[in-house]
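Here is how the chains run, residue by residue.
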Amino acid sequence: MAKKIGIEVSLAISEAVKLADVDAIAAYPITPQTHIVEHLSELVADGELNAEFIPVESEHSAMSVCAGTSAAGARTYTATSSQGLALMNEILFIIPALRLPVVMTLANRSMSGPISIWNDHSDLMSVRDTGWISIFAENGQEAFDLTLQSFKIAEDHRVMLPINVNIDGFTLSHVIEPHEFLSQEEVDSFLPPYDPPLQLNPDKPVSMGMVGIPEIYFEAKKAQDVALVESKAVIKEIFQEFGEKFGRTYNVIESYRTEDAETLLLTMGSISETAMEAIDMMKDEQGKKVGLLRLRLWRPFPTDELRELVKGIKTLAVIDRAVSFGGTGAPVGGEIRSALYSTEDRPYVASFIAGLGGRDVTIKDFMDMVTLAEKMETEQEVHEYKMIGVRE
Amino acid sequence: MAKNFSEMTWKEFDLAFMVTNPGCSAEYRTGDWRSQRPVADKSKCIKCGVCYLSCPDDAIRLAADGTYDFDYEHCKGCGICATECWTGCISMVEEEK
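Line by line, the protein sequences give chains S and P. 392 is the number that my numbering gives the last residue of the first sequence; the numbers go up by one with no jumps. 97 is the number that my numbering gives the last residue of the second sequence; the numbers go up by one with no jumps.
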């Protein structure tokens, strides 16, 4: 096993991007993502990474440049957060429609206002339907590993779609953690150079981004949706290959101590680490029949895997870190209710919203949510969603 | 053109609906929403080619006698040729239903 190195998660992600030997980086600094691209600009300036680092005047330009470099056949990377992501919005729709395999780290940060630089998932949820593959890392090692795997997934000819790798802002981005790096030889044996099936090349000219007249647009969207849905099989295959090569296996939904569980918590991102502590205490000290599901893949949504994992479960407590204002459920909770609605013997789904704008979600919060979800299940309480940890 | 776009299923297009055969727009009739058409009084034509050079849609063709003809399958009726014509031989005429 390789030696573990203590390094800030942002810098570990930069090192993964360097190991992936990207050709082009276009980014604009925004907290809490800044350290990632700052370090990458240093690596380029110092000659350690042979890539074009393109400084731009806004995130709209950053993502536009990414579209151009990726279309020209360059392995392309960017990173952003919150308002920066919002400013990219227009181009975020274009990238998957053009089937460009851009990889982006999203250091999740609350959307303003009030202005907040702290962490929740409202930024990602605001671009949920742009057509990107969305993957969540819950610690630094996962962020490092998933960054490398993302290039391989995105550039697979069966996929050809962009990916955002989500890391919780500050909770991960600014924390020093032990990481087990891969050597350049190991990465090269896993990640081949980018081989675009079609690109902007005068020897074989193509037109990208054509007008989609009503006779074509619908078919274009159907093809894009099928590509995203079918990417799940490739994602699972590449997770498997990475695991076999390097010993760290990833799943689209991770299970933690779900054996004999009647109640499951479901989380995304770094709060999963706290949730695991809570599960350990509830199981080992209180003898409660609980377990945890950690949703790694948000898009394409792993519907089949979810249905399989909740078989025989009585109560499922879903914890969201974003609000769908005035909606019928929080983003993840509502999605899960929808995924399970047509299945028989589905669990009761309690939809909770916690940890908005950097509010801590503690071990006690998770324990309280389990107790509350079980009570709601007993009473078959009809609800849309409940906010946990807000002062009433 | 192998098959008209409007007959193709979503499986039959190239990746990302890219166009991989350059110049294929000539295969589509795109002039049918024109409201005015350019008509030339060829007796005034001095064969200068300004209309040909100024057409943004390549919808003007050199005729055998050195004058120019309009490609009404692609002309959008923008009127630039009529404005640019040195001798004023081109006039814009209302399309009739």
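I should point out that these hints are in silico values taken from the structure, not numbers from a laboratory. Certain hints may be false.
No farther apart than 20 Å at their CA atoms in a straight line, the calculated lysine to aspartate or glutamate pairs in the EDC-like style are these [what the hints assert, rightly or not]: (1) K221(S) - E12(P); (2) K222(S) - D32(P); (3) K221(S) - D32(P); (4) K221(S) - D14(P); (5) K311(S) - E377(S); (6) K11(P) - E230(S); (7) K314(S) - D345(S); (8) K11(P) - E215(S); (9) K76(P) - D32(P); (10) K364(S) - D345(S); (11) K289(S) - E308(S); (12) K76(P) - E27(P); (13) K11(P) - D156(S); (14) K204(S) - E7(P); (15) K288(S) - D156(S); (16) K11(P) - E392(S); (17) K222(S) - E7(P); (18) K76(P) - D58(P).
Going down the list of hints, with the structure as the test:
1. K221(S) - E12(P): holds, 13 Å
2. K222(S) - D32(P): violated, 28 Å
3. K221(S) - D32(P): Given that 20 Å is the threshold and the Cα spacing comes to 27 Å, the pair is violated.
4. K221(S) - D14(P): Satisfied, since the Cα-Cα distance of roughly 13 Å is no more than 20 Å.
5. K311(S) - E377(S): Between K311(S) and E377(S) the Cα gap is close to 16 Å, so the pair holds against 20 Å.
6. K11(P) - E230(S): holds, 14 Å
7. K314(S) - D345(S): Measuring from Cα to Cα gives roughly 9 Å; hence the hint holds.
8. K11(P) - E215(S): holds, 14 Å
9. K76(P) - D32(P): With Cα atoms ~8 Å apart, K76(P) and D32(P) stay inside 20 Å; holds.
10. K364(S) - D345(S): violated, 29 Å
11. K289(S) - E308(S): holds, 18 Å
12. K76(P) - E27(P): holds, 15 Å
13. K11(P) - D156(S): holds, 18 Å
14. K204(S) - E7(P): violated, 26 Å
15. K288(S) - D156(S): violated, 43 Å
16. K11(P) - E392(S): violated, 53 Å
17. K222(S) - E7(P): Status holds; Cα separation ~15 Å.
18. K76(P) - D58(P): holds, 11 Å
Going through the hint list in order, the structure does not satisfy hints 2, 3, 10, 14, 15 and 16.
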